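Trainee: Chain residues, written in single-letter form:
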Amino acid sequence: MSRELTEAVIDLREADALQITDELLESGADPLTIVAACKEAMDVIGQRFADGEAFIPELVMAGEIMQAISGKVKPHLASQPAEAKLGTVVLCTVKGDIHDIGKDIVASMLGIAGFDVVDLGVDVAIPAVVQKVRDLHPQILGLSGLLTIVFDSMKATVAAVGEAGVREQVKIMVGGAPVNEDVCAYVGADGWGKDAVAAVQLAKTWVGGA
Amino acid sequence: MFTDDWNDLTPDQRLAARLDAWQNAPIEFASPEVKQAYVDRVQLWRDAIALKKPAHVPITPWIGLFPMRYSGFTGRDGYYDYDKLAQAWDKYHADFQPDSLAMTLAMVPGKVFEILDYKMYDWPGHGTEEDTSYQYNEREWMKDDEYDLLINDPSNYWQRYYVPRMFGALEPWSMLSPFTDLCEIPFTAPFFVPFALPPVKQMLQKMMDAGDAAMEWLQAFIAIDGKQMATLGIPSQAGSSTKAPYDILGDTMRGTRGLMLDKFRRPEKMKAAMERLVPLAISWALRSADATRHPVVFIPIHKGADGFMSNEDYRTLYWPTFKAVLLGLIEEGLVPLVFAEGGYNERLEVIADPDIPKGRMIWMFDETDMARAKKIVGARQCIGGNVPGSLLAMGEPAQVDAYVKDLLAKVAGDGGFLLGTGIVLDDAKPENFRAFIDAGRKYGADA
Numbered sequence: 001m002s003r004e005l006t007e008a009v010i011d012l013r014e015a016d017a018l019q020i021t022d023e024l025l026e027s028g029a030d031p032l033t034i035v036a037a038c039k040e041a042m043d044v045i046g047q048r049f050a051d052g053e054a055f056i057p058e059l060v061m062a063g064e065i066m067q068a069i070s071g072k073v074k075p076h077l078a079s080q081p082a083e084a085k086l087g088t089v090v091l092c093t094v095k096g097d098i099h100d101i102g103k104d105i106v107a108s109m110l111g112i113a114g115f116d117v118v119d120l121g122v123d124v125a126i127p128a129v130v131q132k133v134r135d136l137h138p139q140i141l142g143l144s145g146l147l148t149i150v151f152d153s154m155k156a157t158v159a160a161v162g163e164a165g166v167r168e169q170v171k172i173m174v175g176g177a178p179v180n181e182d183v184c185a186y187v188g189a190d191g192w193g194k195d196a197v198a199a200v201q202l203a204k205t206w207v208g209g210a
Numbered sequence: 211m212f213t214d215d216w217n218d219l220t221p222d223q224r225l226a227a228r229l230d231a232w233q234n235a236p237i238e239f240a241s242p243e244v245k246q247a248y249v250d251r252v253q254l255w256r257d258a259i260a261l262k263k264p265a266h267v268p269i270t271p272w273i274g275l276f277p278m279r280y281s282g283f284t285g286r287d288g289y290y291d292y293d294k295l296a297q298a299w300d301k302y303h304a305d306f307q308p309d310s311l312a313m314t315l316a317m318v319p320g321k322v323f324e325i326l327d328y329k330m331y332d333w334p335g336h337g338t339e340e341d342t343s344y345q346y347n348e349r350e351w352m353k354d355d356e357y358d359l360l361i362n363d364p365s366n367y368w369q370r371y372y373v374p375r376m377f378g379a380l381e382p383w384s385m386l387s388p389f390t391d392l393c394e395i396p397f398t399a400p401f402f403v404p405f406a407l408p409p410v411k412q413m414l415q416k417m418m419d420a421g422d423a424a425m426e427w428l429q430a431f432i433a434i435d436g437k438q439m440a441t442l443g444i445p446s447q448a449g450s451s452t453k454a455p456y457d458i459l460g461d462t463m464r465g466t467r468g469l470m471l472d473k474f475r476r477p478e479k480m481k482a483a484m485e486r487l488v489p490l491a492i493s494w495a496l497r498s499a500d501a502t503r504h505p506v507v508f509i510p511i512h513k514g515a516d517g518f519m520s521n522e523d524y525r526t527l528y529w530p531t532f533k534a535v536l537l538g539l540i541e542e543g544l545v546p547l548v549f550a551e552g553g554y555n556e557r558l559e560v561i562a563d564p565d566i567p568k569g570r571m572i573w574m575f576d577e578t579d580m581a582r583a584k585k586i587v588g589a590r591q592c593i594g595g596n597v598p599g600s601l602l603a604m605g606e607p608a609q610v611d612a613y614v615k616d617l618l619a620k621v622a623g624d625g626g627f628l629l630g631t632g633i634v635l636d637d638a639k640p641e642n643f644r645a646f647i648d649a650g651r652k653y654g655a656d657a
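As given, the protein sequences belong to chains C and D, one line each in that order. The opening residue of the first sequence carries number 1 in my numbering; numbering runs sequentially from there. The opening residue of the second sequence carries number 211 in my numbering; numbering runs sequentially from there.
Do not take every clue at face value.
[Claimed, not checked] Below 20 Å or equal to it, Euclidean Cα-Cα: the simulated EDC-like pairs (lysine to aspartate or glutamate) are:
id, chain 1, residue 1, chain 2, residue 2
1, C, 194, D, 579
2, D, 639, D, 340
3, D, 353, C, 64
4, C, 194, D, 556
5, D, 584, D, 624
6, D, 473, C, 53
7, C, 39, C, 104
8, D, 585, D, 516
9, D, 473, C, 16
10, D, 473, C, 11
11, D, 615, D, 648
12, C, 85, C, 116
13, C, 194, C, 43
14, C, 132, C, 190
15, C, 155, D, 340
16, D, 568, D, 257
17, C, 39, C, 14
18, C, 39, C, 53
19, C, 194, D, 516
20, D, 568, D, 541
21, C, 194, D, 551
22, D, 479, C, 14
23, D, 473, C, 64
24, D, 411, D, 327
25, D, 639, C, 182
26, D, 639, C, 152
27, D, 473, C, 14
28, D, 584, D, 565
29, C, 155, D, 606
30, C, 155, D, 341
31, D, 411, D, 381
32, C, 155, D, 339
33, C, 72, C, 4
34, D, 620, D, 648
Hints listed in this document are in silico derivations from the structure and should not be mistaken for laboratory results. Since the structure is predicted, the reported quantities are computational estimates derived from the model, not experimental observations.
Put together the whole structure using the sequences plus the hints.
Mentor: Have a look at this one:
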C-alpha cells in the first residue's frame, strides 16, 4: 500500500494520497514507511523537474500534499527517534526584496531532502542574518533575491557575515531569477543555483551527501 | 469610437488610422526640426511593426527608476516629488535621446496610495527601502472559494470583495449593493440607504481626496512627457495597458501559488474565470487607447514563462484566452506589445501562432534566445528587448558594447526589431547605459 501512496503523490492525486495515508495509519502501519514512500515520490518529482518534465506548479502541489501528509503522520512519530538531518540551512530573501515564492520552494525542497531549514522570511535585515548564523552555526546560508537592485544587499550580507568572523564556518549560496555566475562572484558567495533542484544538489555536495 | 465610420473600417484600416493619429499627434513642437524628429521616430516604430527595415534600429529601452538614480535622486523622490521627477526625466532624455520615452507610468504616486491605504503593494519608504521600486505583497487576495462570484458578476466581485481587500479605505464598499439592483422606481431608494452611513461617507471623501492626488500626478506626468515630446521629438512607447487573463488571476488575485494549486484542484473554474476576463481585458486597453490616441498596448506577462508551467499547460491553459485578447485588440487596430519577462524559449512555437495576423504586434523578450526568437516569432511579428539588466547593473561598457553588437548582428539585419532592455530598468551604471545607447547607434545605423 505504501507503493500506492508513492504513486498517488507522484501523480499529484491529492485526495487519493491523503486517503491512503489515513488508511495506512488506521491499519497500524509504521509511520516511517509513509515518510519513506513520500520521500521516494519526491525524489521522482525532483528528477522530473531536473529533466524538464515537471515544473514549478508540480513542485508546489507536491509540497502541499507532503505538508498535509506530514501533518497526519507527525502525531504518530512522537515516539520514534528523530531522523538524522543532513545539516542546517538558514535561508532568507535579502534586505530590500520581499519576493518569497522561489525561496519558499527552495525551503520546501531542502526540507524534503533532509535538511533542517530555518527560513528567516523576506526583506531580512543584515544583522538578523548574521545573528542567526552565529546562533545556529548552519552549514549553509541561502540568500534569495528577484530584483537586480538587491545584488548590493546580497553583497553586504555576505560581507557582514565575514566581518562577524563566521564566514569560514558557513557556505553561502545565492539564488533568484537574475542570479548567475557573475552575480555569485560579485556578491562573494560560494555558489549559486538556477532553481530549487540545483539548490538541493549544491547543498548536498557541500555537506558531503551527494 | 476612434472615428465616425469606425464600424465600417477593416482591421487594416483601423490600424492605419491609429498609427496616423500617433504620428500626427497634435503636439506644439519647439521647431519644425523637432516635429520631423518625432515623425521620423514614429516611422521607425511603424516600419519595425510592419517587419520592414527602419532607417536605423529604434532604441527603445524600458525604463523604471534608472533616471532617478542617474540624477542623484531616490525612488521615493520619484513617487512623491514631481519637481525631482521632472528634473530626472529632463536629464535622462536630454543626455541619451532614445527613440521612445521612459515609462512615466512606472513612477506611481505614493500620496494616492497613502490616502487609500493601499495594501496590495509596498513602495519606497512605505514598506520598501527608499531607493527600490514598488513591490507586490504576494497573497491570495481572491479566496479559493470565490470563483463563482467572479464568474457570475466580475464587476460586483471587484467592487464588493476584491477592492475592499486591496484598499483599507475602501473596505466600506462591501456595505453597498451591486449597481445591478438599480432598475424600477420602487427598488431604487433602498440602494442609496448605505450611503447615509458614516463609514461610507468617509470612504467617499477619501476617494475624492485620492482623485485630487491622482489628478495632480496626471498633470505632472502630462507636462513631463509633453515637454520631452515637444522639445526632443521623442514619442511615448504605449498609450494603454492590459494583461493576459491567466496573469490577471495569477499576479494579483489568486497569487502565483494559489493559481498553481487551482490548476490541480479546480481547473474548470479557473478556465471559466479566464474566459470571463477576456472581454474585460480588451475593453480596458481599448478605452485608454481611444483616449490617448496611441496604438501600442503595453502587456507585461509573467506567469507563463519557462519553468512556471509545462508547455502543454501553456498551450491549453495560458495561451487560448491570451490569444483571444490579442486578436480582440488587433481587430480594433491596436498593436499589442507583449513584454515577456523571464525566459520564453519553450513558448516560441506556440506564440508564433499563424492565427495572429502577420506584422500586427510586438514581442519584447528578456532571457530568451534571440536567434531562435527571430527565426520562429520574428518571421511573423516584430521582436525586441533582451539586453540583460544584470549586465547593465554589473558589467563593463566594453561588455555592453559587445553584447549589443552581437545581438544586432544576429537579429536586426532585415528589420522588424526594437533594441531594448530585457527588464524595466531600475539599476544601471551610467557608463553602461551610455554604452548601450552608443552601441545601438553605432551598430544599428545599417544593421
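Trainee: Next step is simple, just say for each hint if it's right about the structure.
Mentor: Here's how the hints hold up against the structure:
{"no.": "1", "hint": "194/C - 579/D", "in the structure": "17 Å, holds"}
{"no.": "2", "hint": "639/D - 340/D", "in the structure": "19 Å, holds"}
{"no.": "3", "hint": "353/D - 64/C", "in the structure": "17 Å, holds"}
{"no.": "4", "hint": "194/C - 556/D", "in the structure": "16 Å, holds"}
{"no.": "5", "hint": "584/D - 624/D", "in the structure": "10 Å, holds"}
{"no.": "6", "hint": "473/D - 53/C", "in the structure": "17 Å, holds"}
{"no.": "7", "hint": "39/C - 104/C", "in the structure": "18 Å, holds"}
{"no.": "8", "hint": "585/D - 516/D", "in the structure": "19 Å, holds"}
{"no.": "9", "hint": "473/D - 16/C", "in the structure": "17 Å, holds"}
{"no.": "10", "hint": "473/D - 11/C", "in the structure": "14 Å, holds"}
{"no.": "11", "hint": "615/D - 648/D", "in the structure": "11 Å, holds"}
{"no.": "12", "hint": "85/C - 116/C", "in the structure": "6 Å, holds"}
{"no.": "13", "hint": "194/C - 43/C", "in the structure": "18 Å, holds"}
{"no.": "14", "hint": "132/C - 190/C", "in the structure": "19 Å, holds"}
{"no.": "15", "hint": "155/C - 340/D", "in the structure": "19 Å, holds"}
{"no.": "16", "hint": "568/D - 257/D", "in the structure": "13 Å, holds"}
{"no.": "17", "hint": "39/C - 14/C", "in the structure": "16 Å, holds"}
{"no.": "18", "hint": "39/C - 53/C", "in the structure": "19 Å, holds"}
{"no.": "19", "hint": "194/C - 516/D", "in the structure": "12 Å, holds"}
{"no.": "20", "hint": "568/D - 541/D", "in the structure": "13 Å, holds"}
{"no.": "21", "hint": "194/C - 551/D", "in the structure": "16 Å, holds"}
{"no.": "22", "hint": "479/D - 14/C", "in the structure": "18 Å, holds"}
{"no.": "23", "hint": "473/D - 64/C", "in the structure": "13 Å, holds"}
{"no.": "24", "hint": "411/D - 327/D", "in the structure": "16 Å, holds"}
{"no.": "25", "hint": "639/D - 182/C", "in the structure": "16 Å, holds"}
{"no.": "26", "hint": "639/D - 152/C", "in the structure": "13 Å, holds"}
{"no.": "27", "hint": "473/D - 14/C", "in the structure": "12 Å, holds"}
{"no.": "28", "hint": "584/D - 565/D", "in the structure": "18 Å, holds"}
{"no.": "29", "hint": "155/C - 606/D", "in the structure": "18 Å, holds"}
{"no.": "30", "hint": "155/C - 341/D", "in the structure": "17 Å, holds"}
{"no.": "31", "hint": "411/D - 381/D", "in the structure": "12 Å, holds"}
{"no.": "32", "hint": "155/C - 339/D", "in the structure": "16 Å, holds"}
{"no.": "33", "hint": "72/C - 4/C", "in the structure": "17 Å, holds"}
{"no.": "34", "hint": "620/D - 648/D", "in the structure": "18 Å, holds"}
Every hint, counting from the list given before, is met by this structure.
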